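As they're listed, the protein sequences go chains A and B. Heads up, the first sequence stops at 289 in our numbering, and the numbers go up one at a time, no gaps. Heads up, the second sequence stops at 396 in our numbering, and the numbers go up one at a time, no gaps.
No lab work stands behind these hints: they were computed from the structure. Here the structure is a predicted model, which means the values were calculated and not measured. Treat the hints with caution; some may be incorrect.
[Unchecked claim] Estimated spans, in silico, between C-beta atoms of each pair:
#, chain 1, residue 1, chain 2, residue 2, range
1, A, 20, B, 215, 54 to 62 Å
2, B, 253, A, 63, 16 to 24 Å
3, B, 234, A, 264, 57 to 65 Å
4, B, 60, A, 20, 24 to 32 Å
5, B, 107, A, 20, 51 to 59 Å
6, A, 268, B, 299, 35 to 43 Å
Every residue, glycine too, gets a C-beta built ideally from N, C-alpha and C.
Residue strings, one per chain:
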Amino acid sequence: MSVLVNKDSKIIVQGFTGKEGTFHAEQMIAYNTNVVGGVTPGKGGQTHLDRPVFNTVADAVKETGADVSIIFVPPAFAADSIMEAAAGGIKVIVTITEGIPVKDMVVVKEYIKDFDCTLIGPNCPGVITADEAKVGIMPGFVFKKGKVGIVSKSGTLTYEAADQVVKAGLGITTAIGIGGDPIIGTTTKEAVELLMNDPETKGIVMIGEIGGNLEAVAAKWIKENGTKPVVGFIAGETAPVGRTMGHAGAIVGGAEDTAAAKKAIMRECGIHVVDSPAHIGSKMAEVLA
Amino acid sequence: MNLHEYQGKEILSSYGVRIQRGIVAQSADEAVAAAKKLQEETGTGWWVVKAQVHAGGRGKGGGVKLAKSLEEVKQRASEIIGMDLVTPQTSKEGKRVHQVLIAEDVYYPGETETSEIYMSVMLNRQAGRNMIVYSTEGGMDIEAVAEKTPELIFTEEIDPKVGLLPFQARQIAFNLGLEGVAFKEMVKFVTNLYKAYDSIDAALFEINPVLKTSDNKIMAVDAKVAIDGNSLFRHPDIAALRDLREEDASEVEAGEAGLNFIKLDGNVGCMVNGAGLAMSTMDIIKMAGGNPANFLDVGGTADAARVEKAFRIILREDNVKAILVNIFGGIVRCDRVAQGIVDAYNNIGEINVPIIVRLQGTNAVEAKELIDKSGLKVHSVIALQEAADMVQELVS
Chain A
1 MSVLVNKDSK
11 IIVQGFTGKE
21 GTFHAEQMIA
31 YNTNVVGGVT
41 PGKGGQTHLD
51 RPVFNTVADA
61 VKETGADVSI
71 IFVPPAFAAD
81 SIMEAAAGGI
91 KVIVTITEGI
101 PVKDMVVVKE
111 YIKDFDCTLI
121 GPNCPGVITA
131 DEAKVGIMPG
141 FVFKKGKVGI
151 VSKSGTLTYE
161 AADQVVKAGL
171 GITTAIGIGG
181 DPIIGTTTKE
191 AVELLMNDPE
201 TKGIVMIGEI
211 GGNLEAVAAK
221 WIKENGTKPV
231 VGFIAGETAP
241 VGRTMGHAGA
251 IVGGAEDTAA
261 AKKAIMRECG
271 IHVVDSPAHI
281 GSKMAEVLA
Chain B
1 MNLHEYQGKE
11 ILSSYGVRIQ
21 RGIVAQSADE
31 AVAAAKKLQE
41 ETGTGWWVVK
51 AQVHAGGRGK
61 GGGVKLAKSL
71 EEVKQRASEI
81 IGMDLVTPQT
91 SKEGKRVHQV
101 LIAEDVYYPG
111 ETETSEIYMS
121 VMLNRQAGRN
131 MIVYSTEGGM
141 DIEAVAEKTP
151 ELIFTEEIDP
161 KVGLLPFQAR
171 QIAFNLGLEG
181 VAFKEMVKFV
191 TNLYKAYDSI
201 DAALFEINPV
211 LKTSDNKIMA
221 VDAKVAIDGN
231 SLFRHPDIAA
241 LRDLREEDAS
251 EVEAGEAGLN
261 FIKLDGNVGC
271 MVNGAGLAMS
281 TMDIIKMAGG
291 NPANFLDVGG
301 TADAARVEKA
311 FRIILREDNV
321 KAILVNIFGG
331 IVRCDRVAQG
341 IVDAYNNIGE
351 INVPIIVRLQ
361 GTNAVEAKEL
371 IDKSGLKVHS
381 VIALQEAADM
391 VQELVS
């Protein structure tokens, strides 16, 4: 078992023949991920990385039976690519692209409601199920197979957490990078729920940051429905009010946006919150012992 | 990206939103000329001199003054231009004022009482939709209104499939208790305000106050506008409105080099790849007894040129006592980053503050070896906790 992606997933790459798409598709293939082809409009019929290139997602789905897509299309065109994936029948759409205008994402969020699909991201490192499928840009070797699931808004902080969990002897089931933008497809709560329902996952690491209320919503859900221990961390305790800290969504607006407020809610809901990001792995080992 | 009040008002006006008219001036003499011109165009007898800086609460800091004669315009303008305006939203040093807006007086007496309304358009992140927030309690701090009388704040959510609908605009005008001419004016005001917000990819339009004048006109007296930075590629005209004088020079320079840098006032600098890890590294510095001097995300390519630039910018601040470099090598190989650090260090020459380098991930061991053998005064560690301990040792 696993969530979102596994060894049987049939994955296509949108923006397949571009620089980013090519580099990361190679890395994904090297991880033995089942990449079945890619899409670059106008290059249909060609072969790239020994895999077929299609003009449209619909063609790719028809010919390969693809059910997962990863998007490396530049920000000006990425929203269109997400909607094409949804309309083309893709079930899990992982959007790596950083810098998509909010206005475009408002439209995307509305449009994809009519389709049976899950959007991960945008502006995220992707999803990896250890030893099965890497649908993202994370360093695969860090994610050794095990029993802990990770949900995170951040890229490198996810790798950091995974590294600590692996070194604590626990290993990873699936790590989900949900992204740091103001509008994202899958929320913290939805990602946590997926892992809560995965029998192989015994504990969950939930990493958030300042801005928005995703962690608070997830924490309340966990309090009501949680069946596994959750270790939590919120980045940005020291962030100044009103400044965007790198991620477009990471901005302290009101009192409830702060790291301290989020941590307090998470603690009230029974989450094992660590103040130092250096203690994520050791805390998980402690609560699973 | 933030705009000045006068820029926001010009945009509003171009979308048919009535505004308090004004002319921007860079000097006291220009201010007088602007006041004369405005008098000819609008018939105003008094003027408001308003500091144009990217910060709210300007009135509280003495950046907004009424002038009842041309002499007073000159006097007020010369006081405000060049001042370091301190408001609740600036640092304690304040923000230097480079220009003022000379605006018409719109609080003239007439057949009805004037009233001030609050209105803003922004994204509701939870819903993934835009919303209009409005209140009869304009002209004051909206956070205070939200706290004391939340029932006086209304919201109207916009369905992206159809945009702002006419009935919603009417509902807003009704909820604000308007009637007759003022009601019609408000419907038009809201409709065109939303059109402006939507058309220019704004992240925020906050109009506080929206004024109902004594002759029942509805107009924007202020305009706080933020633009979604990710959309600027399709709005070159808006991108051109950026005023670099309002931004920190180091932050602008870092941005040009592809570094995401925010200056803070602490004593430990940091350089990190990834925004989340960068924020966490700042937290670690704080927990270890230091204070972060900056936020700095070097992005995916931490090569020698970028590392050198980052070091130079961080070292510009005299109060920096140590620098913590925290890189989690994924696709970026740690040994490459380590080589970048060694090269940057040698290029800069004398660096008098201790540097802690924490490289983890791809080729971390090779990277540590490279740094340890370089002979530089650089402390190299691998685990995050070791880095925290080292910061503590250096700042205590």
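Hints, one by one, checked against the model:
Between residue 20 of chain A and residue 215 of chain B, the C-beta spacing of about 59 Å keeps the proposed range 54 to 62 Å intact. In this structure, residue 253 of chain B and residue 63 of chain A break the distance hint of 16 to 24 Å, their C-beta atoms being roughly 50 Å apart. The hinted range of 57 to 65 Å is not satisfied by residue 234 of chain B and residue 264 of chain A, whose Cβ atoms lie roughly 41 Å apart. The hinted window of 24 to 32 Å between residue 60 of chain B and residue 20 of chain A is violated, with their beta carbons roughly 48 Å apart.
Evaluation of the 51 to 59 Å hint for residue 107 of chain B and residue 20 of chain A yields a pass: the beta carbon distance comes to about 56 Å. Separation of residue 268 of chain A from residue 299 of chain B is about 36 Å and conforms to the stated range, judged on CB atoms against 35 to 43 Å.
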